[in-house]
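Novice: Listed here are the chains, written in short residue letters.
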Amino acid sequence: MLLTTILCVPLVVGLLCLFVRPRALMEALNIAGFVGVLVLGVKLFHAVLAKNGAAVTEWNEFLRADALSAWMVLLISVVSLATSLYAVRYFRSDLTSGIATARRVREFYVLTPTFATGMLLVVLANNLGVMWAAVEVTALSSVLLVALYNRKTSLEAAWKYVMLGGLGLVLALFGTIFAYAAAISPTGGGAHLPSFNWSHLLAMAPQLNPHLITLAFVFVLVGYGTKAGLAPMHTWLPDAHSEAPSPTSAMLSGVSLKIAVYALLRFHILTTACLGTGYSRNLLLGFGLFSMLLAGPFILTQKNLKRMLAYSSLEHVGLICVAVGMNAPLTVFGALLHMGYHALTKPVLFFTAGNIHQHYHTLDFTRIGGGLVRTMPATALLLGLAAAAVSGLPPFGLFVSELTVLVGGFTSGHVWVSVVILTTLIIVFCGVLDKLAGLLLGPGHAEPPRETISAGHIMAMGWPLGALLLFTAWLPGSVRQLMEQASGIIRGLP
Amino acid sequence: MKLDLLAILAQTALLLLLAPLLSGLIKNWKAKLQNRRGAPVWQPYFDLAKFLRKDMVISEHASWIFTATPYVVFLTALLVGLMVPMLTAHAPLDLFGGALAVIGLLALGRFFLALGGLDPASAFGGMGSSREMTLSAIAEPAMMLSIFTLAITAGSTNLSQIVLAGQGPGWKFLDPAHALAFAAMFIVLLAETGRIPVDNPATHLELTMIHEAMLLEYSGRYLAFIEWGASIKQLVLMALLANIFFPVGLAADTTPAAVGLGLLWFVGKLLVLAGVVVVVEFTNAKLRLFRVPDLLSAAFILATLALVSTFLFR
Amino acid sequence: MSLPMPATLLVISLCGYLIGAVGSLLFMRRERLAAGFAFGAATLSGLSGLLGALFFLAGGAGVAPPQFELFPPLIPYIHFSVRLDALSAFFLMLVSLLGLAISAYSLGYAKGFFGRKNVGVLGAFYNALVLATTLTVVADNIWLFLIAWEIMALTAYCLVSFEHEIVETRKAGVLYFIMSHIDAGCVILGFLLLFQASGDYSFASLHNLGAEMAPGKRDAAFLLFLLGFGIKAGIVPLHIWLPAAHPVAPSNVSAFMSGVLIKTGIYGLTRVCFDFLGAPPLWWGVTLLTVGTISAVLGVLYALMEHDLKRLLAYHSIENIGIILMGLGAALMFLNTGHPVLATFALIAGMYHTINHATFKGLLFLGAGAVLHATHTRNMEEMGGLIKRMPQTAFYFLIGAVAISALPPLNGFVSEWLTYQALLQGFGTTESMMRLIFPLSGALLALTGALAAACFVKAFGITFLAQPRSAHAEHAHEVGPAMRLGMGLLAVVCVVLGLFPTQFVRLLDPLTQQLTGQQISVQLSAANGLVLASLSEKGGTVSTLGITLMAVCLLPVPFGLWLVFSRKTKVRRGPTWDCGQRGLTPRMEYTATGFSKPIRMIFKALFQPRRDVQREYDFSPYFATNIRFESHVEEVFEQRIYRPLRILILRVSRRIRTIQHGSIHFYLLYIFITLLLLLMFAL
Amino acid sequence: MNTPPTETSSQFITLLASLMLVVQLLLAVQRMLVTNIRLFALQSLLLAAIATVVACVFGAWHVLVVAVLTLIGKVLFLPWWLERLVRRIKIGQEIHPFVNMPASMLICGALTVLSYVVARPFTSLERLGSNTLAVAIALLLTGFFLMINRRKAITQVLALLTMENGVMLAAIALTTYGMPLVVEIGIFFDVVIAVMVLGILVFRIRESFDSMDVSKLNELKW
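Protein chains in written order, with the numbering used here: chain S, 263 to 756; chain H, 872 to 1185; chain C, 385 to 1067; chain B, 38 to 259.
The reader is advised that the hints may include incorrect statements.
[To be verified] Dumping the calculated PhoX-like pairs for lysine-lysine here, alpha-carbon to alpha-carbon at most 25 Å: (1) C/LYS952 with H/LYS921; (2) H/LYS925 with C/LYS954; (3) H/LYS925 with C/LYS501; (4) H/LYS898 with H/LYS1157; (5) S/LYS565 with S/LYS414; (6) H/LYS1140 with H/LYS898; (7) H/LYS925 with H/LYS898; (8) C/LYS772 with C/LYS495; (9) H/LYS1157 with C/LYS988; (10) H/LYS1140 with H/LYS903; (11) C/LYS954 with H/LYS921; (12) C/LYS501 with C/LYS555; (13) H/LYS901 with H/LYS1140; (14) B/LYS253 with S/LYS305; (15) S/LYS313 with B/LYS258; (16) H/LYS1157 with H/LYS901; (17) H/LYS901 with H/LYS921; (18) S/LYS414 with B/LYS253; (19) C/LYS988 with S/LYS565; (20) S/LYS565 with B/LYS258; (21) H/LYS925 with H/LYS1157; (22) C/LYS981 with H/LYS1157; (23) C/LYS772 with C/LYS954; (24) H/LYS921 with H/LYS898.
What the hints contain is simulated information worked out from the structure, not anything from laboratory work.
Could you build all of it, start to finish, from the sequences and the hints given here?
Specialist: Printed below as a string of structure tokens:
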């Protein structure tokens, strides 16, 4: 019952938060819940490893966890835990300054577990239709989170998010139906309903109707691609990320995008297994590259911290897609590694952005005017470290994962793709450096006064970075094994 | 290897004694050409003796650099003199350095002289230093290139080797490379010794002087050392020009007869060269300061051409 | 695990830096302790590393390079292996030597930051920088090399931005980091090309890989490495970060960057060109030689135009890197034309100049730091007269100035002499037109040397001599013992390297054996090591020691004259001659700008100086009441390449940015069009 | 149970599907908000009818569940809820599209043609009617176009819902029996909740911006 429990824990937490009164209890429930999910996730990770390539299934294969799912569960649980830890201080401070009401805070504590449940369901559901529905759940719960502050801009962002996301989901549903239809036709339309399970479809992949699968992938690519923020469907992403409360931004950027990528990957695996060509791979590669290329100019001319971070996420999602698209053992492994490291880094960036916003009431670089190392030393330190990490500088792991992808690209004959990747990485780096140097350094103004932040809160914010460093210096063999299995799944190896 | 102590002593003496005479000679001849009687050719010796006996006034702003400079200038000139073959094909300090060391040591002297010019906080000194360093910055590469031309032919940068190679079969001066290099070197000689049209050694007109401006604060024995050093440098450069381009008559061994013959040849060549310098000084006017680089660039280009022609005509 | 002695010393040194960094952070609150701990640890580590390198090099060519792993591998293919071969040991010596001297200096220098800045952070980053640099030169694996390379850039950025309150510093830091990231990108691509051919990450597997690579890829790799390492080394026109970043960093860091950090570029080029790629085409050498020559000349010309002491020194770094590259380029050309002995000779010239530049540039930057420490300004126009106020610093600076101007008998002269000899010998090695490049480079090297001398007359003369030009300079005091110790150490090294070249060249034997298979120290030494010969005594000889001794022997001449003639003369102190006016004021002195004016005029075409004169007058323009004169020299590369490029990129970015201009309808349209295109073309 | 579709039922379904397309085109040119909502209700009703026909003809009773859900949800509840919303926010009788009426008709026509082209390789797979898949894709694309073309928030929601109708039509057309019931119900509830979330947002937007014109939501850029 491991999978069911994983799903139930956050759901129950969400439901309980609907009813409990004291805020401290809600905070504790959230944190406890996500700690539970993390523990269960680690358990699942071991369970999957113990299966040695096979998947853990429950409810007659309704829920299914293979190495890829287990990896995603770990990412979700870590980011959710980080978010719930950070949210405590964030919302307390919002409440004291009167920016948020108690009702809104409750909304957050209810919706965040729901959001997490949706994401967990996406990765654990075997049925593609259920997976779609779960993605919709994540979209809806996160829309309300984006609109939490009820400012004009946050409503605008939420509207764009929900319309573009909704549209994407309709398209994805269309694609999902085509995939299902592709499974029906070869069976000759028998009375029994064919199973809509991914594992089932994969097993009969060679018999699927290739035309329908192609069509399905096109729609799914545009649909889930919108949710994953692939350019040019990414336009909602900077708006939503910048307007959401920072904990939510962290969730959105840290895992939500990757969940959509995960959904896309499931179809990619299916399509490749059916067609046996590089069709879906090349599309992923193209969209990924375009996303990476597009992120650069926006970061170079960015004025808003969180929007800059959002475009950085766009770039990283693009990188992951490109890496998968290159389909070499090293690149896919690198992509998975990159997902993990990025999930540990991005939340910290958004957390610090949240602190800055609460301190200065703006995220505009020119209005803040620099000098953060003076006014908010702890936040500035974390921001600097995380930015170095996200720019792919050692000793942080993203350097390793990016270089792994590049090496894989070079050795698998994608020399020019690798060159483009490297170039975009450098461009983005230039933008991030330029903006952050202006933000962090400098004499700073006398106003506002120095931030006060306790060591505990710094820990609560920055521990993912510690984890990042730890896992950069020492990657347990079991984790590597899991990722290698997952990369085998993505590359369609038996 | 062994250091020939006698040769060193002899050449040092020669340098110390001959250098003021050469300066006096040039001054005298110039005066004659200008229809003046001029000072006697021995005048520089009297001047030096007088400077050495005079009390010194040192600027209160000056530091030990000011004090050290005369010694450095004097010693580098002497050292350079010991590296250049004069009477014998083998210079006494040949092994300690060839053309590059000669240029380097001259530069060291100039470096300190320029610092000495800056030290007393006088605007004149600074002006002189600035001009001196600028002009030498262009003169030095020209000099180096023209020596390179010979060095490449000889396969060595050691001046003795160059001389020996020059003494070999065949009259090399007709070689265009040699001629061009000689022309370049001659211009450098004019610049390095502060002759018209680059500098006027006889003037103290504030705005035109270069070398003299740096010495303005020196007096007494320091002035003597510097002047003496300058005339040694002039002798050395002329010897360089005379001996490496026209390596006739240099003694191959150290028998008194050969050395005596070498001395005669040497003096003869110096006299000719001094005559040429005097004629050039007599027939030209001093150039405007910012025209001088053009002249020196011409030297640089001549030297480059010399080098190219070794490549073309070999 | 039993390690040979050099390796043990190396490990001790690495651990020492690490402990220094960590300790410095731990003691952050108590700055005295933090500074003492950090820089003390760094000093000892530097000493340990220096000894290790010396032991290894002194062992001769036969010693097997020690090899070990720092950590267990992260992922099976990512190893952190270290190998101390001769090339690494040579650069380890350089890093550690400078680390030792600069750390000792920093013990005193850091006091200037007490109460003002966080010294703990400075110490930590400094140790991390030295650690990363050390790792860079001893890394035996692409991964470790790249990681160390990037950490080096990162820590150096943090140190450059240490005094980030100043706008100029921030800008310089950003420029530096951007350039070094581009350089890392090029290096990564180069290594990827190598890896593609070798399939293994260890440096051992890359040895002489060039023979197995396709010529196109080999050339591409060479160009990428030239770009990458060239940016780090600061070759023209990739140098623009260097004069920006070096001056604004704390002076000990500037010294380290100028002395050591840019040498890692040289290390990379040497490693790649001689160890990895091997058998170079002729044009590689020609490129290096040309680039080196251009860098040397332009570097010194721009240096002359500076009146910021540290910027001036930074431009000289470009010049000297150019000289080093001339040696390396000539060596590559000789390798191509089949003259390994000559190649070795040119390589020795390059390597010798590398360590020389490290020592005298380190020394000069430390001197500049001491001056900055005492006067709180980098502007030479506000200095003057410091030789009386800080005599020891002035003396050390003078030694550095003489050395960098390539004047005998100090070390700069020796290595430039070697370079000249290599260039001259090169003339006979090939019949192609290319041989003309040797003497021409030689001539330009001569120009460079002469201009450098002019520049250091200016730098030393204006800074230390004459009257103080400002109150800051007036009240300057000599710096503390630790700082003097650091400078003195490097000054001694300058002198030793200058006077004992034949002994030092022997240490290079293992290096040349490794890279070109030749050992020529015996041929370079004549007369029992007193004289440095260019391969044979006939080719040319020089003896700095001999010259020095001879100068001492000749001293009796002037002193004799003194004794004979001037025993009774008196020395009087008096005012400088003031043309009969009422005393000279500092404002009448020659300025740094004025000093270099003739050169500015001569090279007008290059500098394109802009001048701006404003006169105010009452009735006649000949009687001005007030004149304002401004003159700027802007670097042509900045003006013609980098700025337009930056503007172009930003403009294009703004243009692209308009796709996201807020209308949801357009956003929907993008998706719609994407879908339609996919439906039409991708099905 | 594997009865081949009878000719009549197939034709009937084709007719209903075509009617859905016609309604869609009407939506494209209709400007009145309330009428738009009712047209949507009509379209959903046609969809429910198709589902019923399928359920009856093929005896696939769980498709009937889909029909009932569609009837309750999309024909009755959502139009009622949306009309209530329109009444509460009191504006939006007139809507000004970006592209004028004839041009929108032209574009919708072109999109329909494109849908037929796209659906051509799959006609052999369809169990029901001859052009249902093409109609479904056309509904999707024209709905998409509607979304782009309309300024008012509610019409965008409506457009999204018509796209949803297209999807359901495709599901019925391609798979005969619709999808597994869990999925159907999941999708249904998701859609309903989505619309309610959208409604909440529309309401809040109306409050904050005094307008329902989404083209005025352009504060966030770059």
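Novice: So, for every hint listed, does it hold in this structure?
Specialist: These are the hints, each one checked on the structure:
1. C/LYS952 with H/LYS921: Distance of about 13 Å is within 25 Å: holds.
2. H/LYS925 with C/LYS954: holds, 8 Å
3. H/LYS925 with C/LYS501: Between H/LYS925 and C/LYS501 the Cα gap is close to 57 Å, so the pair fails against 25 Å, i.e. violated.
4. H/LYS898 with H/LYS1157: holds, 16 Å
5. S/LYS565 with S/LYS414: Measuring from Cα to Cα gives roughly 19 Å; hence the hint holds.
6. H/LYS1140 with H/LYS898: holds, 18 Å
7. H/LYS925 with H/LYS898: holds, 23 Å
8. C/LYS772 with C/LYS495: Holds - the C-alpha atoms of C/LYS495 and C/LYS772 are around 23 Å apart, at most 25 Å.
9. H/LYS1157 with C/LYS988: Within the cut-off at roughly 23 Å; holds.
10. H/LYS1140 with H/LYS903: This hinted pair holds, its Cα atoms lying about 20 Å apart.
11. C/LYS954 with H/LYS921: Satisfied, since the Cα-Cα distance of roughly 14 Å is no more than 25 Å.
12. C/LYS501 with C/LYS555: holds, 19 Å
13. H/LYS901 with H/LYS1140: Holds: H/LYS901 and H/LYS1140 sit about 18 Å apart, inside 25 Å.
14. B/LYS253 with S/LYS305: violated, 50 Å
15. S/LYS313 with B/LYS258: With a Cα-Cα distance of about 49 Å, the restraint between S/LYS313 and B/LYS258 is violated, given a limit of 25 Å.
16. H/LYS1157 with H/LYS901: This hinted pair holds, its Cα atoms lying about 15 Å apart.
17. H/LYS901 with H/LYS921: holds, 23 Å
18. S/LYS414 with B/LYS253: Holds: S/LYS414 and B/LYS253 sit about 11 Å apart, inside 25 Å.
19. C/LYS988 with S/LYS565: Since the Cα atoms of C/LYS988 and S/LYS565 sit roughly 41 Å apart, the hinted pair is violated (cutoff 25 Å).
20. S/LYS565 with B/LYS258: Holds. S/LYS565 to B/LYS258 sits at ~10 Å (cutoff 25 Å).
21. H/LYS925 with H/LYS1157: Distance ~32 Å between H/LYS925 and H/LYS1157 Cα, so the pair is violated.
22. C/LYS981 with H/LYS1157: holds, 21 Å
23. C/LYS772 with C/LYS954: holds, 23 Å
24. H/LYS921 with H/LYS898: Holds. H/LYS921 to H/LYS898 sits at ~18 Å (cutoff 25 Å).
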